[in-house]
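Enquirer: Sequences listed follow chains X and W, in order. Going by this note's numbering, the residue at position 267 of the first sequence is 304; the numbering climbs one at a time, nothing skipped. Going by this note's numbering, the residue at position 203 of the second sequence is 240; the numbering climbs one at a time, nothing skipped.
The set of hints was computed from the structure by calculation and includes no laboratory data. Don't take each hint at face value.
[As the list claims (entries may be wrong)] Simulated crosslink set (DSBU-like; lysine-lysine; CA at most 30 Å straight-line):
| id | chain 1 | residue 1 | chain 2 | residue 2 |
| --- | --- | --- | --- | --- |
| 1 | X | K367 | W | K83 |
| 2 | W | K415 | W | K370 |
| 3 | X | K311 | W | K106 |
| 4 | W | K367 | X | K83 |
| 5 | W | K407 | W | K489 |
| 6 | W | K367 | W | K345 |
| 7 | W | K106 | W | K345 |
| 8 | W | K83 | X | K370 |
| 9 | X | K311 | X | K367 |
| 10 | X | K367 | W | K84 |
| 11 | X | K106 | X | K345 |
| 12 | W | K367 | W | K407 |
| 13 | W | K415 | X | K370 |
| 14 | W | K238 | X | K268 |
| 15 | X | K238 | W | K238 |
| 16 | W | K83 | W | K345 |
| 17 | X | K106 | W | K367 |
| 18 | X | K345 | X | K311 |
| 19 | X | K370 | X | K311 |
| 20 | W | K415 | W | K268 |
| 21 | W | K415 | X | K238 |
| 22 | W | K106 | X | K106 |
| 23 | X | K84 | X | K345 |
| 24 | X | K84 | W | K367 |
| 25 | X | K345 | W | K370 |
| 26 | W | K311 | W | K367 |
| 27 | X | K367 | W | K106 |
| 28 | X | K370 | W | K106 |
| 29 | X | K106 | W | K345 |
| 30 | W | K345 | W | K84 |
| 31 | X | K407 | X | K489 |
| 32 | W | K370 | X | K106 |
| 33 | X | K268 | X | K83 |
| 34 | W | K407 | W | K370 |
| 35 | X | K106 | X | K367 |
| 36 | W | K238 | X | K106 |
| 37 | X | K367 | X | K345 |
| 38 | W | K238 | X | K84 |
| 39 | W | K370 | W | K268 |
| 40 | W | K370 | X | K83 |
There are 2 protein chains.
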Amino acid sequence: MSQFINNRENAVTEAIDGVLDVSGGTLARLDGYPHIRVVVRSDWDKKKVAVISGGGSGHEPAHAGFVGKGMLTAAICGDVFASPSVDAILAGILAVTGPAGCLLVVKNYTGDRLNFGLAAERARAYGLNVSMVIVDDDIALPGLAQSRGVAGTLFVHKIAGALAERGGDLEAVVAGARRAIASISTIGMSLDTCTVPGSPKENRIPDGSAELGLGIHGEAGVEQIEYSTVKAAVAAMTERLAAVMGDRPHVALVNNLGGTSVLEMSIIVHELIKSQIGDRIAHVVGPAPMMTSLDMQGFSISVYPAEKDELELLTEPVALTAWPGVVTLKPRKVLALPDGITPITPLPSRHEPTRQFMLACCNLLIGAEKDLNALDAKSGDGDTGSTLSGAAHALIAALDRLPLSDHTQLLRAIGQELSQTMGGSSGVLLAIFFAAAGDGASSGLTMRDALKAGLARMQEIGGANVGDRTMVDALSPALDALSEGIAAAAAKARAGANLTATLLQAKAGRAAYINAKQLEGHIDPGAEAVARLFEHLASREDGSQTR
Amino acid sequence: MSQFINNRENAVTEAIDGVLDVSGGTLARLDGYPHIRVVVRSDWDKKKVAVISGGGSGHEPAHAGFVGKGMLTAAICGDVFASPSVDAILAGILAVTGPAGCLLVVKNYTGDRLNFGLAAERARAYGLNVSMVIVDDDIALPGLAQSRGVAGTLFVHKIAGALAERGGDLEAVVAGARRAIASISTIGMSLDTCTVPGSPKENRIPDGSAELGLGIHGEAGVEQIEYSTVKAAVAAMTERLAAVMGDRPHVALVNNLGGTSVLEMSIIVHELIKSQIGDRIAHVVGPAPMMTSLDMQGFSISVYPAEKDELELLTEPVALTAWPGVVTLKPRKVLALPDGITPITPLPSRHEPTRQFMLACCNLLIGAEKDLNALDAKSGDGDTGSTLSGAAHALIAALDRLPLSDHTQLLRAIGQELSQTMGGSSGVLLAIFFAAAGDGASSGLTMRDALKAGLARMQEIGGANVGDRTMVDALSPALDALSEGIAAAAAKARAGANLTATLLQAKAGRAAYINAKQLEGHIDPGAEAVARLFEHLASREDGSQTR
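Taking the hints into account, I'd like the entire structure generated from these sequences.
Expert: Put into structure tokens, the structure is as follows:
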């Protein structure tokens with residue numbers, strides 16, 4: 038399984054540099070690569086309480102992505118899924134801690150506790166005021182005295198960061214963090230394991246199963262459950278959350294563990310809001326990747342019964358793209374469909390010459406079905422003749438309900454009929470041609486110019502130019518020559534159609550995907566249909582004139 | 038391959054409802070499920086030009102995620118990777134278009150062009166002023182007349198949205214969109230295919246290969262290339278981008294195609310900035326998922342030589358979490374490491390009684406190595422004796438450089454030595470114990486209280502309470518009894534240690550993972566070490582008193 042890394046050893050430092058690169062100068066790092074990977078606010082002046090977090094990497098955007106005004110002051114980044122060294126943590130503490138002291142926000146994993154704990158001791162020996170809180174929001178194993186710290190940690194970062202930003206002293210920041218920690222609960226679920234850089238992927242979760250109650254280091258969930266639908270999955274999670282939630286309104290944090298698609302995450306949050314705890318969720322953070330397990334196809338839900346003052350802290354804006362903000366749930370708004378989607382049926386009217394004209398055109402297309410299919414078989418799927426013939430039959434059947442005496446209305450009505458009866462791209466394109474021509478006619482253009490306006494619109498939408506081996510090659514020169522009479526137009530249409538047999542590089546339509554050799558010597562079926570139509574109309578006109 | 042959906046049929050509508058759910062009431066949808074899936078701004082008043090986009094679903098957060106003030110007015114969502122119907126598009130146009138008209142931003146895929154084109158015709162028949170632009174930013178096939186529309190479309194949404202928000206008329210909005218489209222170039226790369234809901238995953242890309250020049254519908258890239266590192270991958274992409282870029286500063290949009298981890302995306306953007314086009318990139322949007330292909334492990338890079346006025350439009354703030362904003366690149370800031378990471382070495386001093394005391398303790402631990410290892414073998418990996426003996430040897434070797442005559446300094450120095458010489462959690466915990474005790478002593482506590490402060494800190498960090506079957510079970514009662522003399526303390530330590538043999542549910546330390554039956558009757562080795570130390574000290578005291 039390839040990954041977008043250069044090598045395992047440099048993955049974390051290169052990723053941190055990428056975070057710095059796109060921070061717009063708001064972040065800096067300490068000069069301690071490769072072992073000391075500490076990201077700090079570049080505008081920090083040590084007057085306020087510093088809020089420091091960190092731990093193993095592989096949880097991006099945590100932790101470096103949450104360094105910024107109103108959240109973390111510094112992030113200490115270990116190797117992937119490994120605690121940072123005591124020296125690295127100490128460096129981070131020393132870099133950002135001033136007289137106001139600092140708070141270390143540590144997730145409840147042994148390595149992190151010990152290393153952050155020892156670094157705190159070493160920092161205290163320098164007279165610094167260092168406090169530490171341990172986040173233990175995971176409820177996967179309700180009986181366990183030492184729950185893991187997982188995505189609920191984001192709430193703690195936000196609360197502590199906002200309190201510190203407001204100028205609260207260390208005691209107040211610690212108290213706020215502790216109070217939040219005491220009430221946050223998280224549960225995770227995954228359909229697949231994650232890919233640790235440089236290691237083969239463990240295929241632990243069979244198809245049709247999910248793991249419930251995950252940490253954030255690829256470790257197995259506390260149970261493997263049968264997986265059927267996201268509804269059932271969310272129900273299994275919310276059942277466990279419901280057991281530890283009070284009746285107060287909660288903030289839910291919906292965290293993408295890394296590899297879940299945005300489409301899936303939206304369905305997940307929708308199921309959450311419809312779930313048994315939905316009526317206790319008043320606010321949502323996410324869905325977004327916040328505390329990930331690399332590329333894990335999973336997610337976690339954290340719930341936090343934030344009191345009013347806590348909610349204010351949570352909603353204080355921060356300029357961090359990784360923090361999606363808090364949304365207050367409102368009822369879903371559904372608006373009535375606008376009028377006009379069902380097309381207005383024009384009033385039918387009679388006009389015998391028009392009726393005869395249309396019948397003639399339709400019958401010509403019906404008669405050309407086999408020839409056009411044969412031509413299409415050279416470059417497409419051999420159905421152009423049948424498509425046009427089918428449309429012609431449908432138009433004939435519709436003649437009595439068409440506004441035959443009003444040519445402007447008629448063009449639009451033909452477009453409408455074709456869009457409803459003719460399949461595929463050609464149906465839509467002809468519908469656009471007739472609709473735009475009708476538009477042109479209604480705005481006062483002559484019929485010739487209206488048809489040219491229709492062609493222009495069809496070309497714009499379809500993307501075909503003259504020379505692209507489409508019906509445009511016959512239609513465009515024919516319309517241009519129409520001012521010289523129908524015979525001239527027919528001659529141009531035929532010449533244009535014949536030319537398509539020499540155009541070996543189709544640029545639009547299905548023939549664009551066909552080998553040039555296969556096209557040689559064969560006229561494009563759409564162009565041929567246009568040429569035959571014009572030739573037929575010319576012969577009718579000629580006949581009526583000689584008569 | 039399971040996915041977090043309920044069924045293929047409802048995936049898109051449920052995802053849209055999820056987007057509405059977390060929109061805080063800023064979005065609404067039209068009442069046309071299942072076929073008409075249109076998301077609109079709920080605060081729209083039709084006075085300004087409406088900017089409408091859409092297409093197939095599966096590209097989330099595009100398109101619904103970009104509906105909001107300053108970007109899209111409405112998003113028309115088709116099925117996964119399928120164009121929305123003409124009726125759906127028409128409904129969207131009719132719902133949001135007023136006298137100022139609307140702009141349709143359409144990506145260059147045949148289905149989208151045709152359906153949006155025909156819907157525009159139908160809307161025009163109602164007298165609405167509808168314009169349409171086709172985005173064709175993909176440069177995968179430079180010779181192709183009709184390039185696909187991919188992630189560069191986001192730039193067009195932002196430019197058109199900002200112009201419309203400023204109150205520009207339709208002509209101005211169209212002109213801005215056209216100008217942007219003419220200069221945007223995008224190329225994509227992927228290591229894996231995507232998983233279409235309800236369909237089996239196509240395993241088209243072999244391990245060690247990547248596809249270059251992708252669309253956003255899971256279609257194959259124009260070439261499969263050998264994949265080695267992200268550096269080489271980005272180089273292959275930037276070579277193609279360089280060929281079409283001018284010398285002006287560009288904005289780069291770095292788009293996650295859905296399943297790439299945040300860690301990888303940061304490395305990608307870092308490589309981009311170091312690449313051959315890095316010096317022409319002045320601003321970055323992302324990295325973030327903006328125009329995805331479901332869960333595809335891939336990304337795209339779009340470049341846009343935005344002029345000053347265009348940059349102003351791009352950077353105008355919008356309250357949309359899906360739009361990550363534009364960051365101006367600044368040089369990476371690297372700060373010097375703070376002083377104090379290398380521990381200050383205390384001045385050595387001599388004090389023969391202390392030296393003898395420490396020697397006695399160390400020798401006792403050295404002598405107990407085998408016994409303690411044997412006890413540890415019952416509940417751990419059998420190395421507690423060796424670990425403590427090794428630490429004791431190291432302390433003896435360090436005696437001459439320790440501040441023996443200053444007990445406050447000495448405690449800290451012992452902590453420092455242990456943190457450097459003793460491996461594992463126990464080394465860190467003892468280091469914390471001695472460091473915190475030294476802290477306590479330096480702040481004026483008696484030695485007994487200083488040691489108790491050390492114990493409290495060690496318990497806080499290690500998480501072990503009395504009764505958890507650790508050394509705390511001996512150390513805690515011993516320190517409590519120390520005021521009654523060393524003999525009393527030793528008796529309490531022994532009693533506490535013996536009690537651990539009856540504690541069958543270890544809650545901290547490695548023994549927490551061991552079966553209760555295996556623990557029965559065996560004293561915890563850490564507690565045993567503490568008891569032996571206290572007993573030895575009591576016998577020395579006793580000897581010195583009787584002597």
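Enquirer: Each of the hints needs a verdict: does it hold here or not?
Expert: Comparing the hints with the structure gives:
1. X:K367 <-> W:K83: 23 Å, holds
2. W:K415 <-> W:K370: Violated, because 52 Å separates the two Cα atoms, which is more than 30 Å.
3. X:K311 <-> W:K106: 28 Å, holds
4. W:K367 <-> X:K83: 23 Å, holds
5. W:K407 <-> W:K489: 29 Å, holds
6. W:K367 <-> W:K345: 18 Å, holds
7. W:K106 <-> W:K345: Distance of about 22 Å is within 30 Å: holds.
8. W:K83 <-> X:K370: 18 Å, holds
9. X:K311 <-> X:K367: 13 Å, holds
10. X:K367 <-> W:K84: 25 Å, holds
11. X:K106 <-> X:K345: 22 Å, holds
12. W:K367 <-> W:K407: The given pair, whose Cα atoms are some 60 Å apart, is violated under the 30 Å limit.
13. W:K415 <-> X:K370: Answer violated: K415 (chain W) to K370 (chain X) is near 64 Å, above 30 Å.
14. W:K238 <-> X:K268: 22 Å, holds
15. X:K238 <-> W:K238: 18 Å, holds
16. W:K83 <-> W:K345: Satisfied, since the Cα-Cα distance of roughly 29 Å is no more than 30 Å.
17. X:K106 <-> W:K367: Holds - the C-alpha atoms of K367 (chain W) and K106 (chain X) are around 18 Å apart, at most 30 Å.
18. X:K345 <-> X:K311: Within the cut-off at roughly 24 Å; holds.
19. X:K370 <-> X:K311: Between K370 (chain X) and K311 (chain X) the Cα gap is close to 16 Å, so the pair holds against 30 Å.
20. W:K415 <-> W:K268: Violated - the C-alpha atoms of K268 (chain W) and K415 (chain W) are around 50 Å apart, more than 30 Å.
21. W:K415 <-> X:K238: 34 Å, violated
22. W:K106 <-> X:K106: Satisfied, since the Cα-Cα distance of roughly 25 Å is no more than 30 Å.
23. X:K84 <-> X:K345: The hint holds at about 27 Å.
24. X:K84 <-> W:K367: 25 Å, holds
25. X:K345 <-> W:K370: Violated, at about 38 Å.
26. W:K311 <-> W:K367: 13 Å, holds
27. X:K367 <-> W:K106: At roughly 18 Å apart (the allowed maximum being 30 Å), K106 (chain W) and K367 (chain X) satisfy the hint.
28. X:K370 <-> W:K106: 17 Å, holds
29. X:K106 <-> W:K345: Answer holds: K106 (chain X) to K345 (chain W) is near 28 Å, not above 30 Å.
30. W:K345 <-> W:K84: Roughly 27 Å between the alpha carbons, so the hint for K345 (chain W) and K84 (chain W) holds.
31. X:K407 <-> X:K489: Given that 30 Å is the threshold and the Cα spacing comes to 29 Å, the pair holds.
32. W:K370 <-> X:K106: Judged against 30 Å, a Cα distance of about 17 Å means the pair holds.
33. X:K268 <-> X:K83: 48 Å, violated
34. W:K407 <-> W:K370: This hinted pair is violated, its Cα atoms lying about 53 Å apart.
35. X:K106 <-> X:K367: 29 Å, holds
36. W:K238 <-> X:K106: Measuring from Cα to Cα gives roughly 43 Å; hence the hint is violated.
37. X:K367 <-> X:K345: It holds: about 18 Å lies between the C-alpha atoms, which stays within 30 Å.
38. W:K238 <-> X:K84: 54 Å, violated
39. W:K370 <-> W:K268: 22 Å, holds
40. W:K370 <-> X:K83: OK: K370 (chain W) and K83 (chain X) at ~18 Å, within 30 Å.
Hints 2, 12, 13, 20, 21, 25, 33, 34, 36, 38 from the earlier list are contradicted by this structure; the remaining hints agree with it.
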